[in-house]
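Asker: Sequence:
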Amino acid sequence: MVARRAPSRSMPSPQPSVTPTTALPTMMPTAFPTYSAAAEAKAKRQRLQQYKIRGLEALGVTMVCAMLSLGAIAALTRLLPYKDSLQDRLTDIDSQVVELQTSVESAKERLQSSLSTGEQVRTMYNREGYILRGQKIVRLRDTQQVNQDPPGSTTTSDRTESP
8 MVARRAPSRS MPSPQPSVTP TTALPTMMPT AFPTYSAAAE AKAKRQRLQQ
58 YKIRGLEALG VTMVCAMLSL GAIAALTRLL PYKDSLQDRL TDIDSQVVEL
108 QTSVESAKER LQSSLSTGEQ VRTMYNREGY ILRGQKIVRL RDTQQVNQDP
158 PGSTTTSDRT ESP
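All residue numbers for the sequence shown refer to this note's numbering, where the first residue is 8 and numbers rise by one.
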């Protein structure tokens, strides 16, 4: 049996004991296994194949985008004449709107000025062809129609000759 030492009851020293190390650090073995040359070549081929596939995929996406862009440009060029005709039509409608606005403004002014007195109201109604209360319709005949009176009608010369 081996004798054991009893723990010392003395105070520990304030400075720890330092033992100088003269040995250089050794290389720790890696946790990953090292590949053989064949495995490394296979991994490299797979990476290159993945890069080629990604490149072809990017090229395909670029080609599709280019085709869509060309289709959009062709559609826009076909729509340009239609846009020009609509722009001309819009210009015509704008000019008609301006003309109508000026005519409405002038009609408003005429209405306000004609509504100032009763006589002007009657004049405006007569000018527009309205008949007011108490007025009678007078129709004037053409001079040709007066000369070609139907038989049996009395003319002004017949009235003057009778006693």
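In case anyone wonders, no lab produced these hints; they're calculated from the structure.
Mixed in with the good hints, there may be bad ones.
EDC-like, lysine to aspartate or glutamate: derived pairs with alpha carbons at most 20 Å apart [claimed, not checked]: (1) Lys90 with Glu106; (2) Lys115 with Asp91; (3) Lys115 with Asp99.
DEER-style ranges, computed between Cβ atoms [as the list claims (entries may be wrong)]: (4) Thr109 with Ala82: 37 to 47 Å; (5) Gly67 with Ala46: 26 to 36 Å; (6) Leu83 with Ala50: 43 to 53 Å; (7) Thr109 with Thr130: 19 to 29 Å; (8) Lys90 with Val111: 29 to 39 Å; (9) Tyr137 with Thr109: 23 to 33 Å; (10) Gly136 with Leu93: 38 to 48 Å.
In this text, all values refer to a predicted model and were calculated from it rather than measured experimentally.
By construction, the Cβ of each residue, glycine as well, lies at the ideal position given by its N, Cα and C atoms.
Asker: Which of the listed hints are not met by the structure?
Answerer: 1, 2, 3
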